[in-house]
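Each residue of the sequence shown is one higher than the one before, starting from 315 at the first, in my numbering.
No lab work stands behind these hints: they were computed from the structure.
Please note: incorrect hints may appear among the correct ones.
[Claimed, not checked] The calculated lysine-lysine pairs, modelled on BS3-like cross-linking and capped at a C-alpha distance of 27 angstroms, are:
| id | residue 1 | residue 2 |
| --- | --- | --- |
| 1 | Lys346 | Lys320 |
| 2 | Lys352 | Lys363 |
| 3 | Lys346 | Lys365 |
| 4 | Lys326 | Lys346 |
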Amino acid sequence: MNKDSKYDGITKSRFETPTDDVVSDLDCNEEKRDGFLKRIFSSKKKQRKFKGE
315 MNKDSKYDGI TKSRFETPTD DVVSDLDCNE EKRDGFLKRI FSSKKKQRKF
365 KGE
């Protein structure tokens, strides 16, 4: 797609620089959980520790 000039509007587009408010709203702690199906079908209610906790 990068070589085809008809897609330049898509492949060479840029986002505007976010405001300080947006950047501060996006600055949050990472959270990692088991997968969706594992959480539904798991019979154990065990807390897991992940790296960084």
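The hints, checked one at a time:
A hinted pair counts as satisfied when its Cα atoms are at most 27 angstroms apart, and lysine 346 with lysine 320 does not qualify at roughly 40 angstroms. Restraint check for lysine 352 and lysine 363: satisfied, since their Cα atoms lie roughly 16 angstroms apart, inside the 27 angstroms limit. Our distance criterion of 27 angstroms between C-alpha atoms is met by lysine 346 and lysine 365, whose separation comes to about 9 angstroms. Distance hint between lysine 326 and lysine 346 is unfulfilled; the C-alpha atoms sit about 33 angstroms from each other, more than 27 angstroms.
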